[in-house]
Amino acid sequence: MNALGRLMAALPDRIDISESALEAARADQSGHAASGRPLAVVHAQGVEDVQTVMRIATETRTPVVVRGAGTGLAGAANAGEGEIVLSTARMTAVHEINAADLLAVVEPGILNADLNALLAEHGLWWPPDPASRAISTVGGNIATGAGGLLCAKYGVVRDAVLGVDLVLADGRLLRLGHRSVKGVTGLDLTSLVIGSEGTLGVIVGATLKLRRLTDGETCTIVATFAGVRAAAAASAAITAQGLQPSIMELMDAASLAAVASLLALPAPQAGSAQLTIQTDGPTATADAAAIAAVLRAHGGVVETSSDREEGERLLSIRRSMHPAMAALGTTLIEDVSVPRSAMPAMFDEIARIEREFGLSIPTVAHAGDGNLHPNFVFEGPDVPEVVWTAADALFRAAIALGGTLTGEHGIGTLKSRWLAAELGDDQWELQRRITRVFDPLGILNPGKVFASHA
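Position in the sequence shown (from 1) plus 4 gives the number in this note's numbering.
These aren't lab readings, by the way, just hints derived from the structure by calculation.
Just so we're clear, the structure is a prediction, and the values are computed from it rather than from any experiment.
Positions of the beta carbon are idealized from the N, C-alpha and C atoms, including for glycine.
It is possible that part of the hints are untrue.
[Said to hold, decoys possible] Derived DSS-like pairs: lysine-lysine, alpha-carbon spacing no greater than 30 Å straight-line:
hint, residue 1, residue 2
1, Lys-213, Lys-186
2, Lys-157, Lys-186
3, Lys-157, Lys-213
[Claimed, not checked] If you anchor each label on the Cβ, the simulated ranges turn out as follows:
hint, residue 1, residue 2, range
4, Glu-100, Gly-406, 33 to 43 Å
5, Asp-352, His-99, 30 to 40 Å
6, Asp-20, Ser-320, 26 to 36 Å
Please model the complete structure; the sequences and the hints are all you need to start from.
Written out as structure tokens, the structure is:
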């Protein structure tokens, strides 16, 4: 019996082979779609389902692509010809919330926003805060090493995970990590799995490191600058002076104009850029005043509010960036990071690339940690060659400034050709070999991350 027949026999009420389901599984929100159609979508409802799928896949040598909400932006969860799509989106249970030990044990399919709504009832929260928090899953966050708006102060996903439960390619279940604050026994396989994009195993559970809800006020600062370089220089000056906002987001002129059009807001001044900053905790008011002084010293026109609802409204402008880009056409959303002091130089490089290739590249940034999201907007489903050439220049500029290809979206399909440029040949090969230790047959997410070596 072939793989599909065995899946239908073992998990008949979990299998979806409808045309709409197979078509949807070919793509994520990157705009990229895999070639061909996957074999089936399996909606796992528990660890045993995942183990069954992986045993069948191993015995039949059938490739498997793990998928959560499909909100990724690098093509890592896109499934193609003959592949099994293993969806963990229905695995949404919260098994434990432990306020004494500041941890929660959850299944991978729960959404970020839903988890934090539950945790708030206990005076707790999980800090990772991607802009897609209302639609992205915890498992997907872990698989991609996601970040978000709060990373500058509260860290990325890697800083907020104590352990993961991982089903290997052959169906064995590993429980990695620990529940204690400290734990250095053996190699840190938990950190290895975080950001591995489905190449090492299937994440079926996670022990998360929580925080108590922050006491004190929340202050929101909006500063408008004549140009994006001035805004980037101001953000770098804030961190250089030891000030620690919880959120510091930068939007250039093109991104501001796109969001204003989407939300029917007044058009921003031509060429202007904007920083949206929040401070929290007992010193929020004093921190906001100190930050406002730095912004004014760098030419910013500053407004401050201590009203939480107004603060969320102002942040909603930044969170609307992705739908604003989607309204303009097909969007390739990129994700490079540089040292915070190199932010102005990276915006100079983006401007140079725009001139050189005759493109507009609307860019937003998590300015507090140096993570930029340049956007390439085009018509049609296929990325034009000029966009890939410009993206190549963008990636290499970030690396030359001491940065990296990706801060939070991952490598997936779209960036695999550039991975060795950052890692070097020896590290690229070592990492590829590590994936084969976990997955000797190479059936987990084939064609992703280490697929090509330019």
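Here is what the structure says about each hint:
In summary, the hint linking Lys-213 to Lys-186 is supported, as the alpha carbons are separated by about 12 Å, within the 30 Å threshold. The straight-line distance between the Cα atoms of Lys-157 and Lys-186 is roughly 21 Å, inside the 30 Å bound, and the hint therefore holds. Between Lys-157 and Lys-213, the direct Cα distance comes to roughly 15 Å. Compliance with the 30 Å bound is thereby established for this hinted pair. Distance hint for Glu-100 and Gly-406: a CB-CB separation of about 41 Å, consistent with the stated range 33 to 43 Å.
With their beta carbons about 49 Å apart, Asp-352 and His-99 fall outside the hinted range of 30 to 40 Å. Separation of Asp-20 from Ser-320 is about 34 Å and conforms to the stated range, judged on CB atoms against 26 to 36 Å.
Comparing the model with each numbered hint stated earlier shows that hint 5 is the single one that does not hold.
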